[in-house]
Amino acid sequence: AQTVTQSQPEMSVQEAETVTLSCTYDTSENNYYLFWYKQPPSRQMILVIRQEAYKQQNATENRFSVNFQKAAKSFSLKISDSQLGDTAMYFCAFMTRDDKIIFGKGTRLHILP
Amino acid sequence: DTGVSQDPRHKITKRGQNVTFRCDPISEHNRLYWYRQTLGQGPEFLTYFQNEAQLEKSRLLSDRFSAERPKGSFSTLEIQRTEQGDSAMYLCASIAGGAYGYTFGSGTRLTVV
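Sequence lines, in order, name chains E and L.
Numbers given in my numbering equal positions in the first sequence, counted from 1, plus 1189.
Numbers given in my numbering equal positions in the second sequence, counted from 1, plus 138.
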């Protein structure tokens, strides 16, 4: 069975600093998709960044980038120049062959002014 | 059609009552997913539809839960004889193809008192 593990339940960083959120997953599949979703307090879940497993190049979206290590089954998210609006729950997620997404338990990120 | 809509946003009900939630996906998305999210946890898969066909149901979905997607458009999730343990956020998401992840609705927060 596929699983997603986020080992950091909660993190706090100062505004403008860089923060890295960890995620590991387990699967026997070779081709799949990985995602990071952001859920601000009382707001909608939105997609932050996606990675295709067959691509070696790490995905980047503005201040957000990933470190994808396929052999280690690791998929960390780096947020550069963090902003107050980055405060949210962040979920690492794995997509199975039938497009079903399995989520980790999340990391609550606080950006401090 | 700007996104996935869920109605109602909040529902408070007495234990033992039946409740029904509605989800309107993005019109061109043929797959629709229901997830449940309890406080401080990641979303857990409940069921999904491809067009009008319900293709998979999680073991989390007891006999008191039923979901439909008539005509492959909107979907409803009904919970009969609600229990306090049903209190959660119920999320709906739709997808056109796996590569781009889900588009989530804002969710329906259910409180059973």
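Incorrect hints may appear among the rest.
Once the Cα atoms are required to be at most 20 Å apart in a straight line, the calculated EDC-like pairs of lysine to aspartate or glutamate come out as [to be verified]:
id: 1; chain 1: E; residue 1: Lys1289; chain 2: L; residue 2: Glu206
id: 2; chain 1: E; residue 1: Lys1244; chain 2: E; residue 2: Asp1288
id: 3; chain 1: E; residue 1: Lys1294; chain 2: E; residue 2: Glu1199
id: 4; chain 1: L; residue 1: Lys209; chain 2: L; residue 2: Glu194
id: 5; chain 1: E; residue 1: Lys1259; chain 2: E; residue 2: Asp1215
id: 6; chain 1: E; residue 1: Lys1244; chain 2: E; residue 2: Asp1215
id: 7; chain 1: L; residue 1: Lys195; chain 2: L; residue 2: Glu206
id: 8; chain 1: L; residue 1: Lys195; chain 2: L; residue 2: Asp224
id: 9; chain 1: E; residue 1: Lys1289; chain 2: E; residue 2: Glu1206
id: 10; chain 1: L; residue 1: Lys209; chain 2: L; residue 2: Glu190
id: 11; chain 1: E; residue 1: Lys1259; chain 2: E; residue 2: Glu1206
id: 12; chain 1: E; residue 1: Lys1294; chain 2: E; residue 2: Asp1215
id: 13; chain 1: E; residue 1: Lys1289; chain 2: L; residue 2: Glu190
id: 14; chain 1: E; residue 1: Lys1244; chain 2: E; residue 2: Glu1206
id: 15; chain 1: L; residue 1: Lys209; chain 2: L; residue 2: Asp145
id: 16; chain 1: E; residue 1: Lys1289; chain 2: L; residue 2: Glu166
id: 17; chain 1: E; residue 1: Lys1294; chain 2: E; residue 2: Asp1270
id: 18; chain 1: L; residue 1: Lys209; chain 2: L; residue 2: Asp162
id: 19; chain 1: E; residue 1: Lys1262; chain 2: E; residue 2: Asp1215
id: 20; chain 1: E; residue 1: Lys1289; chain 2: L; residue 2: Glu182
id: 21; chain 1: L; residue 1: Lys195; chain 2: E; residue 2: Asp1287
id: 22; chain 1: E; residue 1: Lys1267; chain 2: E; residue 2: Glu1218
id: 23; chain 1: E; residue 1: Lys1294; chain 2: L; residue 2: Glu182
id: 24; chain 1: E; residue 1: Lys1262; chain 2: E; residue 2: Glu1241
id: 25; chain 1: L; residue 1: Lys195; chain 2: E; residue 2: Glu1206
id: 26; chain 1: E; residue 1: Lys1289; chain 2: L; residue 2: Glu221
id: 27; chain 1: E; residue 1: Lys1259; chain 2: E; residue 2: Asp1275
id: 28; chain 1: L; residue 1: Lys152; chain 2: L; residue 2: Glu206
id: 29; chain 1: E; residue 1: Lys1294; chain 2: L; residue 2: Asp224
id: 30; chain 1: E; residue 1: Lys1289; chain 2: L; residue 2: Asp162
Cβ-to-Cβ under 7 Å is the rule here; a few derived chain E residues that face chain L [as the list claims (entries may be wrong)]:
id: 31; residue: Glu1204
id: 32; residue: Phe1224
id: 33; residue: Met1234
id: 34; residue: Leu1236
id: 35; residue: Arg1239
id: 36; residue: Ala1248
id: 37; residue: Arg1252
id: 38; residue: Lys1262
id: 39; residue: Phe1280
id: 40; residue: Phe1292
Since the hints were derived computationally from the structure, they do not count as laboratory data.
Treat the numbers as computed from the prediction; the structure is a model and nothing was measured.
Where a beta carbon is used, it is the ideal one built from N, C-alpha and C, also for glycine.
Broken hints, by number | 9, 11, 14, 17, 22, 25, 26, 27, 28, 31, 36, 37 and 38
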